[in-house]
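These protein sequence lines are chains A and B, in that order. Using this note's numbering, count along the first sequence one by one with no gaps and you end on 458. Using this note's numbering, count along the second sequence one by one with no gaps and you end on 260.
It is possible that some hints are incorrect.
Unchecked claim - Below, a list of computed lysine-lysine pairs in the DSSO-like style, where the Cα atoms sit at most 27 Å apart:
hint, chain 1, residue 1, chain 2, residue 2
1, A, K306, B, K242
2, A, K278, B, K242
3, A, K198, A, K431
4, A, K278, B, K238
The hints are simulated quantities; they were obtained by calculation from the structure and are not laboratory data.
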Amino acid sequence: MTEPHVETPATGPVSKLQAELDSGKFVFTGEIGPAKGTNVEKCLHEAEEYLKHTVTAVNVTDIQTAVMRTGSLSVSHMLTDRGIEPVYQMVTRDRNRLGLQSDLLSAYCLGVRNVLALTGDHVSMGDHPDAKPVYDLDSVGLLEAMSTLERGSDMGSDAKGNPNVLDGVPRFFKGCAVTPCTEEVEPQIIKLEKKVQAGAQFVQTQAVYDPEAFERFMEKIAHIKVPVLVGIVMLKNAGMARYMNSSVPGVFVPESIIQRLVKASKDDKQKVSIDICGELIQKMKHCCQGAHLMTLGWDHCVPAIIQAAGLA
Amino acid sequence: MIVAERKPLNEIVQSLAGRKRVLVLGCGGCVAVCCSGGEKQAELLGEQLKLAAQVACKAASGGEEAARGGTAAPGGKVEITVDCITRQCDREFFANMKHDLKDFDVVLSTACGVGVGYMTALYPEKVILPALNTTFYGANVAPGQWQEFCHGCGDCVLAWTGGVCPIARCSKSLINGACGGTNHGKCEVSKDMDCAWYLIYKRLKELGRLEDLRKMRPARQWSKDRGKGVRRLTHEELMQDTEVQK
Ligand code: SF4
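Chain B with its partners taken away, still in its complex shape (with noise of 0.2 Å):
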């Protein structure tokens, strides 16, 4: 799953400053197993911008606004809504939202980056916001806890270094085997770093498959990573619609 943790607060409010009518959007998918950007999240996430805005009220008004129950912020009243979708990054979901997006000048997304791109693809005539830093495709290793697996590399080598991917997990992405900085078992970037290329090295011992370690590497095809710009996937037997989605 996409992993992704909520940006601070004062970043999210900076980003939303002059808008009026701002629709929290959460995202069912895997923000919110992972807790970022969920319906919940969402929910908190509005609670705490029309807090935030009565605060920048009273600061603003001597509180007077903010007595009467409204939520403003300098500059007049912010309206914040809160709604959530299934998904954010498939188009069906969309019509499921329980709000027109003609009501808001703004939508605060907090899907992954891919929700927040896919519906500013799909509605140019809106401003999309992210109120979320995606960080990793990860697991869930431990209550609360996720951990890197993948990085979405194009050129998938797990078969061959035991289902430890070095390309993610160890810090320089080698390929041959360890670095210098391998130090009992962890990587010379954090003692907390497990050495992804000693997790590789005790897997296919244990395997019986130190070949694997042995074989040379060449150098990578970083162009399935990013080289080439931005990636796509086409299955041509589902493409009945001639118009490709953005």
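If we strip away everything but chain A, and leave its shape as in the complex, we get (with noise of 0.2 Å):
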């Protein structure tokens, strides 16, 4: 079933994302989460119903909140087989570096090109909250090993002390996180100069409500020279919005946006989560360089929100 993969050449892009960054275009992620269980058709079906040719590369999340399901790797090069074009996130709360190494240059041979690199939120969030957190590197050193292993080496050592030599060098496109809308936004930049230093080459954001701090934030990290993938979250209801405001760190959203979805009779809800998010879009996209979809299950919505931002 697995077509042969496209040998990626030494330089330029090694994916399409990449590729259309790097052209300036607009671009468009989108993100799935596998099941818990083996049935993971669903989110294919649905990435291939509503992402495949809406978004320019999706995003498979690893052990998402740290409830454990099948994992990120699989699936991300299941999506390579139907064309897709993962994102394939990795955090290192689970796996010491000889598991995180070991599992690029497995991603690397099935065809996975573009990695995102994450701490994860701590197991005591999720539903084994009695598991070893093992977090050996952080999201820095995580992005550090990528670039060692492009180099050709890891990060350990031969006998003799020497840098070990990989037989086969696998290359990536290296993406980061950030919070843009925290209140304390300095340690947040610091952060991420330090993951664009270890060799992160995108960003994708925490979900931004608030346009004009947004807006600020990307001022103040205008030195970052890395594209800037806006996040976006669908908020379903009010209910999920004030949650959000009290429990998810570092996002905001304005009273204005909650009041909206209050006042969305039970039908129109859908349309007025889709025209939020089109307006966000709307308003941010002349300082970033992408958007990043977070939909939570509302797939079948993506189609409409690129066109309620004005980009289909």
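Two independent chains are provided; combine them into the complex using the hints.
Now the structure itself:
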């Protein structure tokens, strides 16, 4: 079933996502979360149906919110089989540097090129709170590990202390995350600078609902020359918006948006949610390079969001 | 200091099942300071065990034996004796025990895990059981409250983290700054827990040393933190005795 993967050239973009961002086009990415269980068809089907022809690449979450489920590497690979380019999300919570580097090589062998380095929610927030959190590396360390692999070596050394030499060298398009609208942005910016120094080539942000705060953030990181895809998370109802304000770090949903959701009739909610996303993108597209759409199961709304943003 | 907390009484009672002569041995070191395993707590535990044995005995024999004043448990009488020494992590203090270990079939130590483990190495013929859960290296931050400050990672970073340890106090032991979970100065794990990296940022900023935060920190050498197994400290100049104490 797997088609032989085209050899990645030694220079130039390694993925469609990189090529399109390089070209200056406003880029969309989507996101799917594998199932808890082996029934991955549903998320693959949704990706084929609603994301394949609307977004450039699709993020696959890695044991998101520390709730155990099918892995992001296998589903990323299955996406490539279906002609959809994945962004393989990788958290440092569950594997040490041996596991992470090995999975990076595996990912490359399986045709995966875009990798998003994340720390990952703490195990205590998920459904296996007694698991041992690993965090051998942090997200900066994972990006460095990727860069090291790309140089043909790894984080270890041979018995004489010389750097190891890889038999076959991968190339990735390396991404990272940032929270732009948090109350204290300076430490976020410092960490972003470190991620870029460690090799990050693109950024996908945490959800943004405050275009002005986002613009201020973008001005502050004008010196960081990597493309930024603004995070757009669909608000399904006012309750979810309030929950995000109270419980999701660095996310602020203005009351005006909450009120629109409150006022929307039941049948209208989805439409209002789509419109909110579209307007947010319209307001921010001038200061970023793309948008990362997180629909939380409402994947069928992606085409409409892009339309509402005036970018279809 | 090492901070420890008493195990639930039930767990201790279960671990003593079938033992007849129990020495509860307190420790006057850290666990006395954190009020978990010092002389007073050892005595209290002794009393609780006597009571527990009486209750068990009553349940088993309709209360007759307990009424006669002895302490007993199913299967016969249990004698509980309490003693305490200055510290259980130094060989010399065991000489000060007021009792002979030969008279007991088990020692219930209220020391930290070091005391229990070291005593086991010193007295291999004896069974030494723990009465505490050893939890962390901490300080007494407020009356009745102890908090973790150090993790014993073997490679101290406090010089460039403004004196706040990210290994012990960041839930993920991160080394290059806060994760996305930092929220109004608190950690994603709990609203009651400070985000260590927020504290570090604030402190470094105050000190005019944000450069320390900007600097790339390479992956940790976890080999210094248990990665190579049991850790040892050797001061050669102090090693007159060739026999290294276990
Ligand atoms: S919120 Fe702060 S303390 Fe908690 S894991 Fe993240 S960086 Fe560490």
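> Failing hints, ascending?
Replying inline: none
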